[in-house]
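Keeping the supplied structure of chain A fixed, place chain B upon it in accordance with the hints.
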Amino acid sequence: MTTLLAIGTKKGLWLARSEDRRSWTLDGPHLLMQEVAAVAIDSRRSTPRLLATGYSEHWGPTVLWSDDVGTRGADGTWQETEEAPIRFPTETGAALNRVWQLQPDSVDRPDVVWAGCEPTSLWRSEDGGRSFALIRGLWDHPHRADWVPGFGGAAVHTVLPDPRSDRVTVAMSTGGVYVSDDRGENWSPSNSGIGAPFLPDPPPEFGQCVHKVAADAAGPSRLYAQNHPGVYRSDDGGASWTSISGDLPYDFGFPVLASPRTPGLIWVVPLEADACRVPPAGRLRVQRSRDGGDTWSEVGRGLPDGYWGSVLRDAACVDAGDPTGVYLGTRDGCVYASADEGESFVQVAAHLPDVLVVRAAEL
Amino acid sequence: MSVRVRLPGVLAEHADGQRSFEVEPPPSTVGELLDLLDGRHPRLCRRLRDETGSLRRHVNVYVDGENVRTGQGLATPLDPDSEVQVLPSVAGG
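In order, the protein sequences belong to chains A and B. When we follow my numbering, the leftmost residue of the first sequence carries the number 1, and every step to the right adds one. When we follow my numbering, the leftmost residue of the second sequence carries the number 364, and every step to the right adds one.
Excised from the complex, chain B in its bound form:
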């Protein structure tokens, strides 16, 4: 079993060119997943959360279609086969 991560195209260059990849063994929370990604793809991870560990304000993370901001945030649990999608929020001008 593995957690699938899906990224917007603009971030692929920071994940060895991948827009989608699997992480195994599956981490149990979003926070654990980001910690793991920080070790593998630090340039990617620092675009998702700042040095305090907080998700950046205009970054949304969905677990199986649910925004973690409306759930338990970084403590949101992952199932062994969850799909985690990163999407930029509507921002800018």
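Bound-form chain A, shown alone:
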């Protein structure tokens, strides 16, 4: 079984392959000089499809796909529609800035792909990622005027479609978590219990800066959120959240990961604090919990000391392997892979541009 690891950076996409998740070969760059902030490996089809965003400071954003780069590497080809794949309707007066998330839906909806974008918007493709339609229910939401851009821009950056229902959960910065139970027609904020220390008390109904949300292997009624700051868990699909930061030495960071295989198995990548966004003492490590965040322990043998950057919100991912693989990318262009649930890591790549996103899948 080959594991494919897609690495999106500020200046292109690299692909790494491994048969054992310990020894890796690196192939790239693809899409050189395009910022690849979102990538998806759509393994629902017989030939895995790679979807990637390309963004140029000069030439703007686009979405590309390939049905053979994942298997053929540099001999494969990228494709792009003639018309813009994501294009705001004229009456909105808006223009797409960036695509921050590409999320294939469930195997039962094999042609559906979601895109989270800047300005804050959600889009759905019904043709495998070639063209996307704006989800008007979220775009027209009365809260929109109060969704304030964070430093990374105002965007939907997390999309979690429920494979067993019409529920879709999104997270945006800022704005927080919103949930739709009708595939995007109607949306409600879902931030009860999540703090917003950058706003006056009490915490608002919405406006939180949730950095990432992940669904537990047991199902989407149990969610985890890495907030700004704080780590939270919901056991009711986001209706209410409780802090699971108590046992964590540091509660700031960007990614949160959940094993797709083992309920309760989750990871965060702590930074020292909001005001000190570096790994504690310059040691890049992972905090892992096996009980849904009740208790945590530091893991990450093989991760570097003396790293003073961060791991961005999509620059970490898990795979579907057994045991679960964990992957991290850093802002100094290093990528690390763990085949043992984060216990130990090997270096997959070094000296790439800033890593914005990693995604892994078994081919």
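In short, the hints are calculated from the structure, not lab data. In this text the structure is predicted, and so the values were computed from the model without any measurement. All C-beta atoms, glycine included, are put in the ideal place defined by N, C-alpha and C. Some hints here could point you the wrong way.
What the hints assert, rightly or not - Quick list of simulated restraints, FRET-style, between CB atoms: (1) B:Gly436 / A:Asp140: 26 to 32 Å; (2) B:Ser365 / A:Asp181: 54 to 60 Å; (3) A:Thr71 / B:Arg369: 37 to 43 Å; (4) B:Val373 / A:Asp181: 41 to 47 Å.
Below, chain B without anything else, positioned relative to chain A:
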């Protein structure tokens, strides 16, 4: 008479591999030229302006050597034999 369009090499793949081509009959403004290009080479045109119709921030268009940003923008008139050059501005890191 025709308007000549010159592109940076990186955009040629979005214009049938051409870095330079002629457009006739000549459009009367830069905006008309881009509308026309949108029909012929939509992948090219969406790299020059966004869906609101605005020129992208770091794209410069010169008409006979003059940057349209310092002129009338997309309303900048074209002569029947104008040369329109697209250049990326200094940006990035």
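Requested in this report: Could you tell me whether the CB distance from threonine 71 of chain A to arginine 369 of chain B stays inside 37 to 43 Å?
Outcome: 39 Å, holds
Query raised in the report: Would you say the C-beta atoms of valine 373 of chain B and aspartate 181 of chain A sit inside 41 to 47 Å of each other?
Result: Once the Cβ atoms are compared, 45 Å apart, the range 41 to 47 Å for aspartate 181 of chain A and valine 373 of chain B holds.
Query raised in the report: At the C-beta level, are serine 365 of chain B and aspartate 181 of chain A separated by a distance inside 54 to 60 Å?
Result: 57 Å, holds
Report task. Take a look at whether the Cβ-Cβ distance between glycine 436 of chain B and aspartate 140 of chain A falls inside 26 to 32 Å. Result -> Holds, at about 31 Å.
Comparing the model with each numbered hint stated earlier shows that all of them hold.
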